[in-house]
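Chemist: Position chain B relative to chain A; hints supplied.
Here is what each chain is made of, one letter per residue.
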Amino acid sequence: MASTHNSIRQMVSPLLRRFQSLSLHAQNTSKPSLRPFSTSPTLLAKPERKRTGDPRVTLIRYHLQHPATPRPLKFSRMRALRHWTIHRAWQLFRRKKLGAEELELQRMYQSMHETMEVLRTMDAPGTKDAGRLYRVALEKKGIFGKGGVPVEYARLQTDTPGKEAWDHSWTR
Amino acid sequence: MSACQKAARPLTQCLRQSQASGQSVRTIRMFTSSSRLNEEAAVETVSFKPTLVLNPETVTSRKEEKKLMKTGVFPIGSRRRRAAIKTSDNIPFEQLPYQCFQEARKILQADREEKLELIAKERLRISNLMATDPATINGGERMKKTRLSSMNRHLEYLKIQADINDPLIKKRFEDGQGDMNKPIYRYLADRKWREYQRKIIVQRIEQLAIVPDVLPFFEPTAEVRLAFRTRNVQPGEFIDSRVSEVPARLKVQVFDKGERLVTIVVIDSDVPVVDKDAFTTRCHYLAANIPLSPTETSLPLSRATQEQLVHPWLPPFAQKGSPYHRYSVFVLQQKPGKTLDTAYAKEHIQPDGFSMRSFVDKFNLTPIGIGIFRSIWDEGTAGVMQRHGIEGADIEFKRKKVVALKPKQKARGWEARHASDKYKSLRR
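Chains as they are written, first to last, in this note's numbering: chain A, 1 to 172; chain B, 1001 to 1428.
Honestly, I wouldn't trust all of these hints.
Across the chosen pairs, the derived CB separations fall in these ranges [stated by the list, open to error]:
id, chain 1, residue 1, chain 2, residue 2, range
1, A, A80, B, E1113, 22 to 32 Å
2, B, S1293, A, H113, 53 to 63 Å
3, A, T58, B, E1415, 38 to 48 Å
4, A, E139, B, Q1102, 48 to 58 Å
5, A, P67, B, L1155, 50 to 60 Å
Honestly, the hints are just simulated from the structure, not real lab data. The beta carbon of each residue, even a glycine, is placed where N, CA and C say it ideally should be.
Pulled out of the complex, with its shape left as it was, chain B reads as follows:
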């Protein structure tokens, strides 16, 4: 507790007491401004329990607000709103006495009941179909599977439709308090992600040519947020090499239910090869068998255990003169119940010349999410390379000058006729 707060405590007590008693005897002004003995005693007893003196929902005066802000809590909403809350009895949202609103709620509730009935019916149908022998179904085992999958899809649809019109669910989702174990919140989160963030990442994948260069095709289905310490990284941003020296923190939000294991790969797809006059790839980080579920979203790369880790974090570095390097952080989902043999991977997968395509094919992985950042030589790169024992900080790449085989042609036509300085203003 801060010193000033301690100092302000008796004053708070005075104010509170005067507020509580309202227009009572205490409003008589006293000669001394210091508190009386018995009040001090009361203060002593109160100061033992650390109660929150001011409610951030109901502070209205400027003084109280200031005091509250000093304790680190900020008042919620406008002063007008807080005053309204203070004076009104706290009716829950669904019981607010607005006629049209209540009628609307009745309609929505009736619809929800209908949907719940439909869900029960669909469940029964599914269990009936599961119990039937595929030999009796027209179309056999394959038809049974198809029907089951389509019925399950319809069931998921019904589950979402049952809850999508609930204002409280909407509110809870907007406040970020949605329970990601429930399908409706996952659906809403997915929709929100697809509205903007997914479009951006898809555009970056296309603009930075991740798709033909690293993978043959890729549709992101999970949201990946990338950060280095406290620095959030927007997709495709240029990151200072000193910032990316530490392993990245990932927040991966998947929108389908269940726990799964994922593999994380960080790949640099622009490593220059001077001998061949070409570029190759390099794996900067590889860890496998990391559990992930809709509720567990945080994946700090530094937290991977020795069993999970294949290649530890190699800080991104772009040597002087080489064009910008694209670093893509891939989240690859493993097949359900399958673990990746990290001991085998440690032996057989080399970081240099790492091929994402063959890795994905070999271990039967599905790419679900991607985070992208870029890096270029900056003043910190040499230090980073030196600290991590990477050689080549003194190398500077330069473009080879290509001498044209054809001699330069003399100006012809319009250019030749307007070559003199007389037409200088016409030239660009």
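Here chain A stands alone, though its shape is the one from the complex:
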């Protein structure tokens, strides 16, 4: 604590110091009858400093405003503008790429959908093999691993969650 006090005193501007000395002089002249006990000049006496505010705040402000504390890093105006330009371009580029990917996926889905439609309506109804290719194409045999079952079949698919989320009492 003492070291910080010293450094704070170093920080005090000369103007303030002069003001303090002036005020000290004024005090001395107002009370001439009181002879000082010590012979050392009163100027060297430690001035009483008033403590104001929260010492933590004082310390924080002292350190933040100290010239040795580096200023916050900041782009210059033109550099910030260049940064902004690059940022906007990057966002635009990414958005366009994502949009293109989305479109490609849509196109693929539509194409599959059309193919299935063609398969479904290829044969006239009533013939023996009507819709056979369609059925074969929709088979999911083997795609969920060997002897696996698609996860959709594990539970009946519903539009909304059930009234009871999980039946804990169920046992086999």
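Modeler: Only chain B this time, still in chain A's reference frame:
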């Protein structure tokens, strides 16, 4: 030109010449410090034309800066920046040789080209739709109108999207040099206003209950800045009556294109009525048919002509003892091409008991902006009232003491048990 500047002129010339010649013969020190004859002659010829000796963009030495500041011009930016500008060749921003930046610009320019194509296409579509007969459109005239409006909206959107990624436009807007006739600058200004200033004014409207008291509903769409002489007024601020003695200056920024006519109304919504034990309203200023556009923003209320003026400025005054008065300055947009009959208004609209609702309904106006300030009795009010011939400066309003009908109840419960001074520390 100031005397000291005149005096400093020869010195400036010396310095400039020595700078210009650099490391030449002139660096030889001379015996006398006074300038030579031929130099003086040169000074004479130069002093005829008032050239700016120092460029505020490139002064670097402390001396030069001081001299520049004496002439009233302040150096721009930091000394480091100025030195950099001085030594570098002045490349325009868009040609700065940074690879990533240039690539980014290429992408943005390509996007802009695309957007311009889209704009042209949309314009063509709109003109095609305008040319078609509504009978052939599925949905008729109404559908045609709907489609046209939505297409126009999309066109405006595209116009903004074409320019929104331009760094120079951003810079120009931040410097306040944007041309408000262009949609992009209006869009940026609107966005900036909505970020902070509009929120404040909306909050004041709610806090000071302007909305149910003066108008049934109101969404501000134009920025209104209010000032008395040089005193800027923050929304809802208390203003000294001596300050508001003169008519207010308004700066109204609208964010949609085109010229329109506006009506300005200043209304006090807290005028006490003693007989009825209630409050009423009073119109303090009313002027109509004032032209306003995105580029013409300044509206000093004192400048209204006799044809525009209905009720001249009545200085705000709040009598002693009355609670604070809310003064709202309304900017009301008139329907396009419609003017308000001020002669009729002068006859039929009384300032006392002025009703904003009926006024807006009667003349078919749309409120677009509002400025609010408050006023309360202060030491200058009596003088203001006397100067403007307003009576009632000697009246002081006082609250009527209402005697309770029920007798005061004795303390019960906890209060009664802790009534003695023994529990003084527990009491609040």
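Chemist: With reference to the structure, classify each hint as holding or not holding.
Modeler: Consistency of the hints with the structure:
Distance hint check: the CB atoms of A80/A and E1113/B are about 26 Å apart, consistent with the given range 22 to 32 Å. Restraint check, S1293/B to H113/A: a C-beta distance of roughly 54 Å satisfies the suggested window 53 to 63 Å. Under the hint 38 to 48 Å, the C-beta atoms of T58/A and E1415/B, about 45 Å apart, fit the expected range. The hint said 48 to 58 Å for the Cβ distance between E139/A and Q1102/B, and at roughly 55 Å that hint holds.
Judged by the Cβ atoms, the range 50 to 60 Å given for P67/A and L1155/B holds: they are separated by roughly 56 Å.
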